[in-house]
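Sequence order for the protein chains is H and X.
For the first sequence, counting from 1, position 500 maps to 500 in my numbering; every step adds exactly one.
For the second sequence, counting from 1, position 1006 maps to 1006 in my numbering; every step adds exactly one.
Any given hint could turn out to be false.
Now the stretches of chain H that chain X is said to cover, found in silico as 3 or more residues with beta-carbon under 8 Å [claimed, not checked]:
| hint | segment |
| --- | --- |
| 1 | 35 to 49 |
| 2 | 53 to 65 |
| 3 | 68 to 80 |
| 4 | 100 to 109 |
| 5 | 161 to 167 |
| 6 | 194 to 205 |
| 7 | 269 to 279 |
Keep in mind the hints are simulated off the structure, nothing from the lab.
No experiment lies behind these values; they were computed from the predicted model shown.
Heads up, the beta-carbon is just placed ideally off N, CA and C, and yes, glycines get one too.
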Amino acid sequence: MKQLNIKWITVIVLMMAVFSSCKKDIDIAPIENNTSNTFYSNEIEIKQAIIGVYAHLARNGTNTDFATDYFWLASENRSDLLYIAAETSAQNDQLDFRKFLITANSGTVSTNYARLYQIIKDANSLLFYTTEGQYKRYRAEACFLRAYAYSELARSFGPTALITKPIENAEAIALPRAPLSDIYAQIITDLQYAAANLDKVYTGADAGRVGSLAANALLGQVYITMGGYPLNDATAYAKAETVLTSIIADVNARFSPTYAGLFTLANENKYDLFSIQFASGGLNLGSSLAGYATSTGSSGTPFPEWMYTSYTLQGQDMRVDSDLVKTMRTNKDLRFSVSIDTGYWNGLPSVPTRTFVKKNIITKFLEKDNTNTSIKAWNDQPRNFPILRDADAILLLAEALVRNGKASDAKQYVDKIRTRAGLPILAAAPTLDDIKLERKYEFIGEGRRYFDLVRYGETEAVNTLVAFNTHYHSKLNGQAPTKRDLLMPIPQNELKTRSNWSQNFGY
Amino acid sequence: MIFSEQPTEKVDGYPRHLKLNLISTYLIKFMRISMLAGLIFCTSAQLILAATVKAQKLNEVSVVFGLKDESLYSALKKIENNSPFHFIFTKDEINEVRSLNLSQKKRSVDEILSVILDKSQFSYSQIDKSILIIKMKALNTAGLGIRETVMITGDVMGSDNQPIPGVTVKEKNTNNATATDVNGHFVLKASDANGTLVFSFLGYLEKEVPLGGKTTVKVTMLEAATKLNEVVVVGYGTQKRTNITGAVSRITEKEIEERPITRVEQALQGQIAGVSVRSNSGTPGADLTVNVRGAASVSGNTTPLYVVDGVPLDNLSGLNPSDIASIDVLKDASSSAIYGARGSNGVVLVTTKRGKTGATVISLSAYTALASAERKVDVLTPDEWIDFSKKWLDYSWTLNTGQSGSISQADRIAYATSKTGKTYTTRTDLLGIRAAYGIYDPYWGTSAIEPIDWQDVMFRKAPVNDVQLNASGANDMVNYSISGGVYNQDGIIVGSAYKRYSFRANIEAKLSQRVKIGLNLSPSIGTITGTSVEGNNNGIARMLSLPGWVLAGTGKEAGAQPTKWYDGWGPGPNVVSPYILATANDRINKDTRINSAFNTNVNIIKGLDINGLVGWNYRGNSQRTYSPTWAQPTWDAATPGQLSSATKTTLASNSVLVQGTATYSKEIGKHAINALFGASEETYSEETTSQGETGFPNDKTYIFDLSRGTTINTNTIYGTSNAIISYFGRVQYSYNNKYLFAASLRSDGSSKFGPNNRWGLFPSLSAGWILSEEPMFKKVNWLGTTKLRLSWGQNGNDRIVSSQFLSSMAALNYATGTSQTSTSGFYVGNIGYSKLRWEKTDSYNLGLDIGLLKDRISLSADVYYKNTTDLLLNAPVSLTTGFTNQYDNVGSVVNKGLEIQLNTVNVVDNKFKWNTSMNISFNRNTITSLTNGNADIKLGQGNTIIQRVGYPINSYYLLQATGVLRASDFTTNSGGALVANIPIFTGQKPGDTKYLDANNDGKIDANDYVVAGNFQPKFDFGITNTFTYRHWDLSVLLQGRVGGDLLSTGSRSWNRATNDTRFNYMASWLKDAYWSESDPGNGKVPAFFSAVTSQYDTNWMYSAAYLRIKNINLGYNLPKITKVFKTMRLYASCDNVWLFDSYYPGYSPEGATQDNLSGDWGSYPLARTFSLGLNVTF
């Protein structure tokens, strides 16, 4: 037995020795060794991190960008500017938006909500992993982007969770829907921080990144939004006037002399204040917006005179309100031809049988150049999408002045915009209706209209949309817009993870 | 050990009641097991060696011998000392025989024994060099010396004509008994020439043979249904079936060989209770889904751990079924806990073939088969599609104009002209008013279009061929088995095929009495060709959802250059036929695998063995695709090559196992102990690359370089690795071969978890009680071998992707600067969740094995309860975190069930035999808790898959359809608008699907979604009937399930009201749908023009119950022709003979392509295969 014991012990000891020496073998870090706690260690990485936050606004690793999912599908698409000419069974979400049938399960609702919180998450991480006082510009940009994301969440989804640091799920699902006032307070703080710590604008290699001008312009837009439905904060218009007045000289300096000049590749980042940046070349940096905006249905034919490569169209056959087309043409509004085409040839001039297809479609973001071989796909369009540009600041200031009883001061601003559009200046001081109308024409295709209608108030928004819907869509299997459509539903993907939130009204 | 070369010393200790015939049974049994097990039972190995030397017969050995008033004991001693023989007896018994006298004389041993034992209570029997002295109990002394004795000689063989040694031969109603020798031969002194002999042997059916005056008999014994004498493979070793205390099921090469199968998993389908095998796709070379005792994980990976010859393997696809000797499935935790970390979904142990001692055996097996689709799906025929389109256009006409649907086309056009002032002459003109005025296609009824049946185009009769060659043999020094095989299968859908070359060499060499080394080497290459036909917008979805019309002359290649698809009223022009999708696009997926294991076994001292194993599995996968421009829908708008795209992805993985084990076995009296201790380290590393480019200079080839293509789609290199370190041990103890105990413990450390949660400890305990060995049960005649088993154990699961406990940055670039160049960006890619830990399963098993009617009926029943906690899932998280999912331990799930395996020998005859093997499994899977306060987890297409407490994993979450809304469900209000009287979904009209208002709030909305069903059956079953008549054999396998549902997400394309008649639909949309109040259909199919169609409801959930005649196999065994071959079996076989089910919008109720394999989206049909095959050994 003694001999046996020794043998056993030898065996066990040997094995223990062999294997305990290998215990470190199970300490395996990812081969791509960029763990977030070791990132943010120097300026190069912090720059990469802030670029990553901006990038969520672009394609974000998917087929569609924020401009398409948010400003087109969830905004312009259901406004009183566009109607569906013919339905296809694809792109059901787009139909559901147009027909006011969206539910908490609609994918696009969830996509927009998730994307805004992605921006917040990565801005939070950057702010969390850097210390106050260091890397000021990047921190200011992060604050701007976080504020921007919250401003869109607030006007599209109402109160949501207010998160300002990296957070794990267990903590997140315990958070309540913070009151809108709290969210706006955070937005204002962030924007003021950004405005204080950024140069006015950045150019050259940094073009496309925000400066204090953008931060103040957004702050102005936020105040104007606060002044309208649903917060109706009467004090906000004065604040908007103050902040917008403070930047108006700088904005005027960036005023494009022509409307067409705003939508030209050569002038990108010249006149705007904050744009989503796009580039073609098949690097997943291109825009998907034109593919949706010019769509005649997903099985439609492309535009041979405008597009070099095969250009498949996405989404539904959306056309511009014919009354609006009529008015703009009658007025000889210079913005018309820049924004809208009334049709296209279905073949090159060399094709003798080609016919002209008549459709009023938005071509504002379409790079019409059939020699441009760097555009590789329908979602590889190069044109930037302006979230804030010259006319935003100018018309927002004009509106603030009118609302603050200083309509006569507002006249110069409205006239400035009208003059550029080739329209006569106003005969009298602008009314609120003049400004509303001007915004409608100025920003067609840019996704401002729906949010404008909402802040104009429940009655105005619902009545306008119902009238439009009755005119164009009475035979569709949709439903009439109601108060519930002034917000999107909280996505089911969010509600299913928690039990402490109630759904938005009517969903 | 019980027996040794010195029987006097060893046998002395045994109690009188131990029957000698039982001793002999055990002896022989041990010998047989030893031949298989080889190394553990060292002493019995000597018996094997003895067996190989031909023993002299009793009448051939003579000794000079005499006795003077001596005892039998000393007589036997004397013979032992003077002859090569040893005696086996019970000393107490033979001590009764004394005062023997015999004159000193040279006699044969046979003669001496017959004289001295004559008229005693003892008889004798030779087994090799041993002579059994058997006491004949309760002898009727009255008959002693009066009855005439008859010498009966005979031979006992098995059904394979091989002799069976150790069979107890007994004269009925007497105590005359003996046992057969190694040649199956016996000699028995019977008291009655007209008596009856009873032959019995463990594992065989008892047989009675009336003598009828004959003195020589030839007996064939048939194996009993129970296989209690077999040796099964357990974790890190083998064990006798009788000693198993857990739940282990096995199938052997016999079940695998006799039927033509492609994949090892197919052999398990319908054969083992508790093991469900699902052919979720009929794609050639596709994986099957194997579940052992239900799904114990929500992560989607519920496959059991596969271990081939001791080395874990992720996938069995490279394994040739013909190389397999046995498959053992460890179902409960006590058997699988020794595999700790990864055993929670069961363990499947595959053992490949070894050589058998004797001359080299060369075997050839081959079959050729023809496969065809099991059935077609009942979509609208070309003519029905036109009728359907017309019906919808009539509806549109009536809806828009208020006029009768019987108004003619000419009148409709005239009416349109009157309304719009335009004239409509061309087809294009008419297309513009198609929907508004219900205009028919002018092509209909003309030769401009031609009909086509896409299912006929896509399906074909496909040949399958398989050839396998194997050579094996063994001697004292070397044991080898070498094989090679070629398998070649064309898929039943055009363009798809699978080809496999596989080789295997298993070689074991004995370096000395104590050291053995072995090498298993198995390279294989499998090639799958053909593009994916499953899933959204792929071949099958298209062949069901495209109408059966193409423009005249375009045929099955419609849409590809130089043709266009039927446009306007059809889905064209930019559509390409499914035939082109399946044939013009290239896809070649090659899997090269090398599985190897190097084994060293050292016998340190008697009973103690040390085993070292190094296993290496290599997998090289390469997949390339090429899609030419001419096959693109927009070929006309492109130059050649412009739309062509090519991709190539490669994966190389290496998994290395280093393992050491020590085993020790010892028997002390009635105590037998077996211990195992081991440690192992397994490392896995994987590297993948991917390249893709679109836009080629021409349309000739898939080869590209960066300078010639126009767009680089992908160009990436990735890598990952993980490791697991394990220590394990097991002790098995049995007392008196009646009470069995086992305990095991394993500790695993996995790199997939954070430093604090890395190690898991997995214990198990089990016990068994062989009831039939108890004296009180021994008296029960009808009761055969009966055993009670009880076990408990814990298992783990770590099968998630690596490094999830860390938060990693992911790349996302953005265009900045005046030049709009790509600028490098990074964002936080996943939540680092440091608390991530093992998924753990606690499992309990109670099993009962019963043999009845002399083991003609054997029943094995197990009840089990498995509780899995800390379920690992990439679970949805609040979007406010900035993420959608995070790996987390999200809850627990219980699987409980009952399994019954019943084997019966219905008819036994020398010529005709009928066996039935039946199994049935009940499993109930229930989620018992989830994190976030038991909040539901929803996933899949449209969030239709739900994990909810109280329901099975992957339940379906749908609106409950209750019929079709009728006009009577609505009233018209003063404004002329329809108002519903019952709850409806906003916007619904008559003809829409009627939904159940589950929450009774008076409206239908997202809150009315209910857990409507799940895939889990009430039970599933398999029945095999085997008939043998002379040289013929026939087996029929039925397999199926009762209960359960299948969500056919894909059928929403061809079985849903889309209001778009340009596509094709199930025939029911013409025949059974609601069209109007006067044509309301069958009340189940809603109107094709329904208003609300985007919801997911139970209309797409179908019964998944089915019964398949899975296989019928008829074989003929040719009589032996020694000079030509040893055995030859010819067979004809049919797989998937017939399917009884009610799943109509797809091909198979087993189909599953997505959403945790819960949803079907046009899965590849199973093939009905007729094959002719041949198995020969030389």
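message: To test your reading of the hints: which numbers does this structure violate?
response: 3
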